[in-house]
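Just so you know, the protein sequences line up as chains X and E, in that order.
Numbered according to the working numbering, the first sequence spans residues 30 to 502.
Numbered according to the working numbering, the second sequence spans residues 3 to 355.
Derived from the structure by calculation, the hints contain no laboratory data.
Among the clues, some could well be false.
Unchecked claim - Just so you have them, the derived chain E footprint on chain X, three or more residues with Cβ under 8 Å:
1) 95-107
2) 238-244
3) 351-361
Backbone N, C-alpha and C fix where the C-beta goes; we use that ideal spot for every residue, glycine too.
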Amino acid sequence: MAKVFEKPASFYSEFERKSAGHKKTTHYCPGCGHGNVHKMIAEAIEDLGVAERSVFVSPVGCSVFGYYYFNSGNFQSAHGRAAAVATGIKRANPDSIVMSYQGDGDLAAIGTAETVHAANRGENISVFFINNAIYGMTGGQMAPTTMIGQRTTTTPRGRTEVDHGNPVRMCEILATLPAPTFITRVGLGNSKQIMQARKAIRKALQIQIEGKGYSFVEILAPCPTGWKMDPPEARDHLTKVMEEIFPLGVYKDVSDEAEAGHWNRISKPFDVEARHAYLQSMKTPLSLEPVPLAKDLACKFAGFGGQGVLTLGLFLAQVGMKAGHQVSWIPAYGPEMRGGTANCSVNICRGRIGAPTVDHPNVLVVMNQPSLDMFEDTVVDGGWIFVDSGICTGVPDRKRLRAIMLPATEIADKIGSPKVANVVMLGAICAATGIFGADYVKETLRIIIKRKELLDTNLLAFDAGWQAVVEQG
Amino acid sequence: MARQFMKGNDAIILGALAAGCRAYYGYPITPASEIAHAASLHFPALGGVFIQAESEVAAINMVYGTAGMGIRAMTASSSPGFSLKQEGLSYIAGAELPCVVVNIVRGGPGLGNIAPEQADYFQITKGGGHGNYRLIALAPNSAQEMCNLTMLAFDLADKYRNPACIMADGITGQMMEVVDIPEPKPIPFDHRSWAVHGDAQTRQNLISSIFLEPEELEKHNLKLDRKYREIMAHEVRHETYRTEDADLVVVAYGVTSRIVYSAIDQAREAGLKVGLLRPITIWPFPSQAVAEAAQKAKQILVVELSTGQMVEDVQLAVLGRCPVHFYGRCGGMVPSSNEILSECERILAGGKN
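Work out the full structure, taking the sequences as your base and the hints as a guide.
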């Protein structure tokens with residue numbers, strides 16, 4: 030029978046992490062509820078045989094020093110963030126048994142979002158919520174659970190509904206969510222309640238051990254110091270006043286129906302071989318077939334959104350990659366995005382690419398009039414300009430630029446889809462500049478066009494664009 | 003060599019996977035969202051963890067939980083979201099946990115816009131959160147470096163048990179380039195001397211940043227400070243381009259340095275002796291290299307997408323050895339290479355043009 034009076038092994042017999050001279054006593058005030066709950070949790074860890082994998086998360090509040098007492102893995106966390114920290118622990122190491130131990134300010138004020146969302150994800154953790162309706166550590170300020178009329182150091186005239194809002198009832202809120210498995214409110218007002226609290230704590234841990242999901246145990250606890258009462262008065266206040274606002278009971282319990290293991294997640298250790306294979310599967314299917322480049326290309330492709338100018342850039346860049354060059358592609362940024370033009374910059378270079386953004390292209394494709402207006406003057410002297418003459422009404426300066434006018438969209442329409450006007454332009458670019466041969470580009474398109482039902486139309490479009498340039502001589 | 007044509011943001015996840023990162027926690031924000039998209043696709047496929055968190059605050063605290071287990075974890079965001087992570091980063095640095103955090107910087111302050119800026123330099127290199135701590139901060143300027151420097155960031159984070167940050171911008175994140183696919187390597191660090199698993203072997207370890215006694219907290223801060231000095235002594239990385247005979251050295255990092263490469267080539271064609279010094283680590287800052295450049299060059303020009311942040315570190319390194327000029331654009335305006343060239347010409351002509 031002597032064993033009854035021993036501390037459980039999950040509770041340190043001496044508190045080595047406390048400062049000198051205080052290693053045998055807790056830091057809690059006389060009549061405080063934390064000591065009771067700590068002991069019940071430590072006993073449950075021990076009795077359920079999970080001491081070797083228990084991790085205890087203590088956020089800011091009077092229980093910030095949980096690691097003084099629990100002979101388990103210990104994380105101290107930021108104010109309100111225990112549920113997020115517990116999520117990070119549990120998801121990364123699903124074998125661990127993770128408990129967060131949080132006060133009312135922590136869990137129901139600054140950490141409300143973390144609390145609600147960990148519950149909503151059904152994290153397979155056990156949350157112990159000590160509700161004593163006051164901020165203890167910082168000196169007796171109003172908590173989210175402070176009673177209407179209760180005087181605190183920040184409600185010196187008593188909490189009012191209008192000035193401060195009503196006490197927040199977390200069990201009731203969380204019980205509306207589909208994911209949580211077990212939500213209950215217990216008290217420490219008398220020995221019968223303490224027995225119920227002990228059972229609830231064990232049940233919460235058991236549910237986690239079985240992979241049955243999220244448990245939330247709210248424990249109404251006395252704070253004689255914060256309440257300015259002696260311990261018997263505080264217990265009396267707890268059962269007579271607090272319980273009126275925070276009724277004890279089970280708010281949700283689907284632990285019997287819950288399937289064991291349903292809420293277990295997977296986190297596999299780093300496997301170098303598996304990662305190597307996975308990363309290799311991301312590589313381009315294009316094989317390297319070098320094609321010499323006489324001159325670095327700085328291209329800009331511009332038109333309406335939906336004309337495929339960005340895709341045109343992606344196609345040409347990948348041809349450049351296959352040919353063994355440095356390539357870059359970037360969509361328009363900043364002020365260029367205004368004024369009815371969508372555009373992208375593509376560089377194809379023999380050496381390192383400097384600015385990825387092309388300010389002065391030597392190849393410009395314009396597929397609408399605003400693009401012609403905006404970019405014609407930026408082309409370097411003697412540069413190429415390709416104009417969709419069926420859409421643009423203007424004509425570029427043929428003295429300064431090498432201009433190719435072709436009704437790309439009309440040509441594409443005849444082939445069967447206006448959407449391939451961009452590839453008509455690609456054919457025209459290759460034919461006019463001679464950078465890449467027709468077969469070379471079409472072989473590349475066969476590989477990089479993902480929607481195979483559109484492949485033939487695209488290849489016809491390329492040929493049509495090429496042909497249009499040849500006919501123009 | 004296996005290659006792929008990909009966005010800088012996707013290359014970050016490629017590097018993270020090769021580095022053995024097992025958990026990604028994030029919240030969507032433009033222009034960093036592709037990182038979360040890629041993580042959500044690839045992490046679960048390899049038995050890793052992906053959570054779209056309820057907030058940036060929650061995401062960085064999930065990182066804290068996983069990192070405390072000695073498992074590689076990361077998060078990524080853009081400026082407003084990165085501001086929200088400062089609390090968690092201070093705790094992670096205080097508890098000496100390794101992790102990688104990415105900031106694809108956008109225009110600020112406040113909601114600003116989604117265009118590229120480099121105005122989070124102070125926040126990243128000088129702290130951001132409360133207390134005496136530093137982030138190891140790397141500034142890639144290509145998709146390949148987004149991958150490679152992410153891998154390096156994980157190793158540096160583990161080596162020094164400190165958060166490491168990748169600072170990039172909307173252009174470097176959105177731009178597609180050819181990336182050599184990296185080879186995963188075993189992680190050469192043993193976490194069991196400090197990580198917490200709950201078992202008897204790691205139970206003496208404690209993940210915490212609280213030191214109630216002033217003597218203890220001072221001791222902890224001094225220990226961190228020694229660590230930071232060691233990082234400053236050993237982990238500075240920078241690159242130079244055509245500086246050997248340069249009269250004017252331009253200091254620029256990230257996307258700005260890419261534009262400066264072009265400006266320098268144009269300047270050299272015009273017969274101007276201009277070179278580039280690019281910090282790859284922005285903390286620790288390559289002060290020594292800048293000081294040496296200032297000995298040889300007649301002038302220094304700092305170009306940033308900000309109203310002048312890194313320029314202060316350059317001035318501290320130069321210590322008046324030569325004039326330090328500044329050229330900045332901000333709000334999402336990006337200078338062209340011609341603009342930078344004009345500025346170089348103006349400075350070399352004695353500032354008269």
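Hint check:
With a threshold of 8 Å between beta carbons, the proposed coverage of the stretch 95-107 of chain X by chain E holds, since 9 of its residues qualify and at least three are required. By the rule of at least three residues with a Cβ nearer than 8 Å to a Cβ of chain E, the coverage given for the stretch 238-244 of chain X is violated, with 0 such residues. Under the rule that three or more residues need a Cβ within less than 8 Å of chain E, the assignment of the stretch 351-361 of chain X holds, with 6 such residues.
Consistency with the previously given hints fails for number 2 only.
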